[in-house]
Amino acid sequence: MQASVSLSTSSSSLITARSNKAVQCAAVTSATTSCNLRFCGLRIELLHFTGEHRRVRLPSRRVLPPISAALSTNGSPPQSFDYDLIIIGAGVGGHGAALHAVEKGLKTAIIEGDVMGGTCVNRGCVPSKALLAVSGRMRELQNEHHLKSFGLQVAAASYDRQGVADHANNLASKIRGNLTNSLKALGVDILTGFGSILGPHKVKYGKDSIVTAKDIIIATGSVPFVPKGIEVDGKTVITSDHALKLEFVPDWIAIVGSGYIGLEFSDVYTALGSEVTFIEALDQLMPGFDPEISKLAQRVLINPRRIDYHTGVFATKITPAKDGKPVTIELTDAKTKEPKDTLENLFESGIASKRLSMAVDAALIATGRAPYTHGLGLENINVLTRRGFIPVDECMRVIDANGKMVPHLYCIGDANGKMMLAHAASAQGISVVEQVCGRDHVLNHLSIPAACFTHPEISMVGLTEPQAREKAQEEGFEVSVAKTSFKANTKALAENEGEGLAKLIYRPDNGEILGVHIFGLHAADLIHEASNAIAMGTSIQDIKFAVHAHPTLSEVLDELYKAAKVSCESLNCLSNAN
Amino acid sequence: MASLSKLSVSNSTSPAISFSSSLSASPLQWRRSAAIPARPRWRLAVVQAKIREIFMPALSSTMTEGKIVSWVKSEGDVLSKGESVVVVESDKADMDVETFYDGILAAIVVPEGETAPVGAPIGLLAETEEDIAEAKARAAQSGSKSGSSAPPKAETPAPASSTAPAAAAPTVAPVAEGPRKVVATPFAKKLAKQHKVDLNSISGSGPFGRITPEDVEKAAGIVAPKKSAVVAADPAPAAAPSPKMAGGSGGNFTEIPGSSVVPFTTMQAAVAKNMVESLSVPTFRVGYPVVTDALDALYEKVKKKGVTMTALLAKAVAMALVQHPVVNATCKDGKSFTYNSNINIAVAVAINGGLITPVLHDADKMDLYLLSQKWKELVEKARAKQLQPHEYNSGTFTLSNLGMFGVDRFDAILPPGQGAIMAVGASKPTVVADADGFFSVKSKMLVNVTADHRIIYGADLAAFLQTFSKIIQDPESLTM
Numbered sequence: 001m002q003a004s005v006s007l008s009t010s011s012s013s014l015i016t017a018r019s020n021k022a023v024q025c026a027a028v029t030s031a032t033t034s035c036n037l038r039f040c041g042l043r044i045e046l047l048h049f050t051g052e053h054r055r056v057r058l059p060s061r062r063v064l065p066p067i068s069a070a071l072s073t074n075g076s077p078p079q080s081f082d083y084d085l086i087i088i089g090a091g092v093g094g095h096g097a098a099l100h101a102v103e104k105g106l107k108t109a110i111i112e113g114d115v116m117g118g119t120c121v122n123r124g125c126v127p128s129k130a131l132l133a134v135s136g137r138m139r140e141l142q143n144e145h146h147l148k149s150f151g152l153q154v155a156a157a158s159y160d161r162q163g164v165a166d167h168a169n170n171l172a173s174k175i176r177g178n179l180t181n182s183l184k185a186l187g188v189d190i191l192t193g194f195g196s197i198l199g200p201h202k203v204k205y206g207k208d209s210i211v212t213a214k215d216i217i218i219a220t221g222s223v224p225f226v227p228k229g230i231e232v233d234g235k236t237v238i239t240s241d242h243a244l245k246l247e248f249v250p251d252w253i254a255i256v257g258s259g260y261i262g263l264e265f266s267d268v269y270t271a272l273g274s275e276v277t278f279i280e281a282l283d284q285l286m287p288g289f290d291p292e293i294s295k296l297a298q299r300v301l302i303n304p305r306r307i308d309y310h311t312g313v314f315a316t317k318i319t320p321a322k323d324g325k326p327v328t329i330e331l332t333d334a335k336t337k338e339p340k341d342t343l344e345n346l347f348e349s350g351i352a353s354k355r356l357s358m359a360v361d362a363a364l365i366a367t368g369r370a371p372y373t374h375g376l377g378l379e380n381i382n383v384l385t386r387r388g389f390i391p392v393d394e395c396m397r398v399i400d401a402n403g404k405m406v407p408h409l410y411c412i413g414d415a416n417g418k419m420m421l422a423h424a425a426s427a428q429g430i431s432v433v434e435q436v437c438g439r440d441h442v443l444n445h446l447s448i449p450a451a452c453f454t455h456p457e458i459s460m461v462g463l464t465e466p467q468a469r470e471k472a473q474e475e476g477f478e479v480s481v482a483k484t485s486f487k488a489n490t491k492a493l494a495e496n497e498g499e500g501l502a503k504l505i506y507r508p509d510n511g512e513i514l515g516v517h518i519f520g521l522h523a524a525d526l527i528h529e530a531s532n533a534i535a536m537g538t539s540i541q542d543i544k545f546a547v548h549a550h551p552t553l554s555e556v557l558d559e560l561y562k563a564a565k566v567s568c569e570s571l572n573c574l575s576n577a578n
Numbered sequence: 001m002a003s004l005s006k007l008s009v010s011n012s013t014s015p016a017i018s019f020s021s022s023l024s025a026s027p028l029q030w031r032r033s034a035a036i037p038a039r040p041r042w043r044l045a046v047v048q049a050k051i052r053e054i055f056m057p058a059l060s061s062t063m064t065e066g067k068i069v070s071w072v073k074s075e076g077d078v079l080s081k082g083e084s085v086v087v088v089e090s091d092k093a094d095m096d097v098e099t100f101y102d103g104i105l106a107a108i109v110v111p112e113g114e115t116a117p118v119g120a121p122i123g124l125l126a127e128t129e130e131d132i133a134e135a136k137a138r139a140a141q142s143g144s145k146s147g148s149s150a151p152p153k154a155e156t157p158a159p160a161s162s163t164a165p166a167a168a169a170p171t172v173a174p175v176a177e178g179p180r181k182v183v184a185t186p187f188a189k190k191l192a193k194q195h196k197v198d199l200n201s202i203s204g205s206g207p208f209g210r211i212t213p214e215d216v217e218k219a220a221g222i223v224a225p226k227k228s229a230v231v232a233a234d235p236a237p238a239a240a241p242s243p244k245m246a247g248g249s250g251g252n253f254t255e256i257p258g259s260s261v262v263p264f265t266t267m268q269a270a271v272a273k274n275m276v277e278s279l280s281v282p283t284f285r286v287g288y289p290v291v292t293d294a295l296d297a298l299y300e301k302v303k304k305k306g307v308t309m310t311a312l313l314a315k316a317v318a319m320a321l322v323q324h325p326v327v328n329a330t331c332k333d334g335k336s337f338t339y340n341s342n343i344n345i346a347v348a349v350a351i352n353g354g355l356i357t358p359v360l361h362d363a364d365k366m367d368l369y370l371l372s373q374k375w376k377e378l379v380e381k382a383r384a385k386q387l388q389p390h391e392y393n394s395g396t397f398t399l400s401n402l403g404m405f406g407v408d409r410f411d412a413i414l415p416p417g418q419g420a421i422m423a424v425g426a427s428k429p430t431v432v433a434d435a436d437g438f439f440s441v442k443s444k445m446l447v448n449v450t451a452d453h454r455i456i457y458g459a460d461l462a463a464f465l466q467t468f469s470k471i472i473q474d475p476e477s478l479t480m
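Chains as they are written, first to last, in the UniProt record's numbering: chain A, 1 to 578; chain B, 1 to 480.
Each hint should be verified, as a subset may be incorrect.
Said to hold, decoys possible - Computed Cβ-Cβ distance ranges for the label pairs, DEER-style:
| # | chain 1 | residue 1 | chain 2 | residue 2 | range |
| --- | --- | --- | --- | --- | --- |
| 1 | A | F194 | B | E112 | 53 to 61 Å |
| 2 | B | H195 | A | T192 | 56 to 64 Å |
| 3 | A | H550 | B | L279 | 52 to 60 Å |
| 4 | A | P287 | B | A137 | 52 to 60 Å |
| 5 | A | T552 | B | L279 | 30 to 38 Å |
Said to hold, decoys possible - If you want the ones that stay clear, here's a sample from chain A, every Cβ over 12 Å from chain B, calculated:
| # | residue |
| --- | --- |
| 6 | N170 |
| 7 | E292 |
| 8 | R369 |
| 9 | E495 |
Claimed, not checked - Taking beta-carbon pairs under 10 Å as the criterion, some of the chain B residues facing chain A (in silico):
| # | residue |
| --- | --- |
| 10 | V69 |
| 11 | E112 |
| 12 | T185 |
| 13 | I222 |
| 14 | V261 |
Rather than coming from a laboratory, the hints here were simulated on the basis of the structure.
It should be emphasised that the depicted structure is a prediction, and the values quoted were computed from it without experimental measurement.
Just so it is clear, CB atoms sit at the ideal spot from N, CA and C, and this is done for glycine as well.
All chains, full assembly: derive it from the sequences and hints.
Laid out in structure tokens, this is it:
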């Protein structure tokens, strides 16, 4: 990534004559006509205006939808639409896109057939954080050894299940309210009903309301994926949707899947007194994390807790508790070591070699999430989904069955499956709005951080070490790894939380950051320094001079940068190498 | 990767720290707790059985001993060169230690959580399956010689788990079918491993016959050390675990099976402390029947103005105390009277799981309505646990009323730092004969005052109660 910030502006002689302050550029961007201008972060002197061909309407910040929509229809006869942009799905992705669209002066509508806020706010990140906040405190209060080392004495901690559940529910409704209000306040039309695509520029919502828009973004998200053979009854065999309501705390719960959803729930359940058995189809717990991090995480988050696990097995059949019988789970050994690409493949290739069964009080299915794209009317525009995901190019433009781009149709978030994270969806939405407004923008997915909010937390951005080494081999560069331990950090030790590791994967030749992985106290908050550095293309030799307050956990990253050995010390090293 | 430390080595090709192994021929003689064995190590020696020792590696120049954080591999696991086997905590960081050799982890000599000096053997690595038995035998043999606790571990079969590789030692195989018959919860399995309890020997008491952690603890003879901090303060349960089985022979208290120990909350602990302290004060009690018809009538009148019975009683007590300052006094040092200039009436309130005494300051000076209002505020604050210390510990006289529950009389314990406490029972219709021999039915309430006899004598209390009774029987003065 070379250019870190791209400012687009409609320029005129008028402006250039006055000054070239960025502030003014921003003020004019609402005029929506554009010419592209990219400049590097701090080098203002590079800023100069190129376009000279359009007269600008300086004070006009208000938006005239049909005109602005028609303005950029490149060559085609001006056409009038109800909206500049329609977003199907009011989750975090749709919300992020809508906010940015309003900022860019687009007349925007958002269609929601269920509750505002989507998965993240109602059935995902948000309520789970409320439960994890409780579990974190419970852990602190239950850890006598830890408290004693602080000189603290706390009498037995206990909890009220309904109180915990209410906290999660209240948080979700609060965030949902905030999200809805922010859209209303900005003048985004909220259209209620199930949205589907009728054809180019045309969307149906509710029973038979039809609206048109110049551009359409699909942001319909995902639902919990339940492998076949598993019967979900919502009480004893549940998905994350049910678990977040915390209707009961079982004595013993099996969690199918040890990804971040399963891991977070194991943290919640064990803190509340449950025992947990993980069932993982892959040979290793916590697939997807950097192997070293997952090894350490297993040592801290699994082994000392009331958790055991079966790896390399499929839960081929799960029957809910009925008539006084427990939940039964049939496990099938994954005998073959064939290439394992996707979850679906895995479940199909499972050949029964050894059958085991187990009986537990409840089972949580955390085997990932499936795109929610059914009934979207994709057949009307000749788009075929791949395992439910809508195929898109790097700019989130939808690809049809013939491999051609569908004009003015974009898909963001879980529905395209590029990176199933709320903030990734939002970033993709912003990227799409940028393009709709005529600015080239490609989102660097390697700069999107991810976090798992266990205690302690896990966070990551960019490539894992094996991925980096593979890429290095293909492209012929060297990879180095630097590590620091939280044991060496003053603040972590003051908190008695020395357990943790930060790991930096980088190119020693030019100082490019390829990936950062952190396991430790507040890792989720620490990762952003690294993800921003990747997004901005900042090299290690530059960032190592940045100052961190002492004593803070952020010094873990400071140490990391300073531990890295970059052969090239020139400031322009990274950009030259690219 | 071994470079976990602050001084991380970024060179990707740097070798991981690996334990040094030595090939040793026949009877292994290692000592667990001894210093580094002085016997020579030799590599590539000709051996009959290919068993290697795994030594505690030196992970830093300053390291003299290391703690086994965890064994990544279990006994019977097949290891290949470069794989992590054990995690060792040095003075600086936790590091994974990798093996230089292929083989099978035959025996773990130093279990998780224990410490061994640098160079001491911590495990045995067998080259082939056939060597495992021998390695185990040697581990057991040498273990019995040294009398160490480690060897039984070698005989303990690996935990039942579907993940046990097929290549594992033959002894493991029969256990692989275990889960079908023996169902144990994850924590129960962990405990069983930790305390070397054979799960097959336990019958489960949990739902569906599963083995619970409690079952394992029982089998291992452990009194569940649930809240050690609290339990430790009480000398009784500290007895050896065996009396538990004998039933009733150990300690002062018989342990009743199935009982649960719930430690005091902070508030409950404070109450308990005060109650024990109160034993050092010589107290006595004086009771008095009070006719309350007039008070009840007044209460009916002022109720709608927000006046509560508590406020009425507090006010009456305060007005009586004005006339009997000694009852409002305190004996602080056992040598003198401390007369309090203010009359602060503390009123006992039961709140969820505790007891607190919000204080009505200057109850004699405040009018009834203000007093009622103040009381409401205090109760709300008490429920929200927001009382400031001066709002509950500055009382000079305490009032405790259980009348609302129908209690006709009771006896209160004098709180430390005060001279007297009044226990108020319910007001009940009673047949009364007056001086002229006429019978009538009157509401009568029994009050019982507990006082510190060092400063308050019987006559003082009697006089005080008489005054109090008069005020109650002619309560108009309360409203002035």
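Status of each hint after checking the structure:
no. : hint                         : in the structure
1   : A:F194 to B:E112: 53 to 61 Å : 55 Å, holds
2   : B:H195 to A:T192: 56 to 64 Å : 60 Å, holds
3   : A:H550 to B:L279: 52 to 60 Å : 54 Å, holds
4   : A:P287 to B:A137: 52 to 60 Å : 39 Å, violated
5   : A:T552 to B:L279: 30 to 38 Å : 52 Å, violated
6   : N170                         : 19 Å, holds
7   : E292                         : 6 Å, violated
8   : R369                         : 26 Å, holds
9   : E495                         : 17 Å, holds
10  : V69                          : 7 Å, holds
11  : E112                         : 9 Å, holds
12  : T185                         : 5 Å, holds
13  : I222                         : 16 Å, violated
14  : V261                         : 9 Å, holds
Hint violations for this structure: numbers 4, 5, 7, 13, all remaining hints satisfied.
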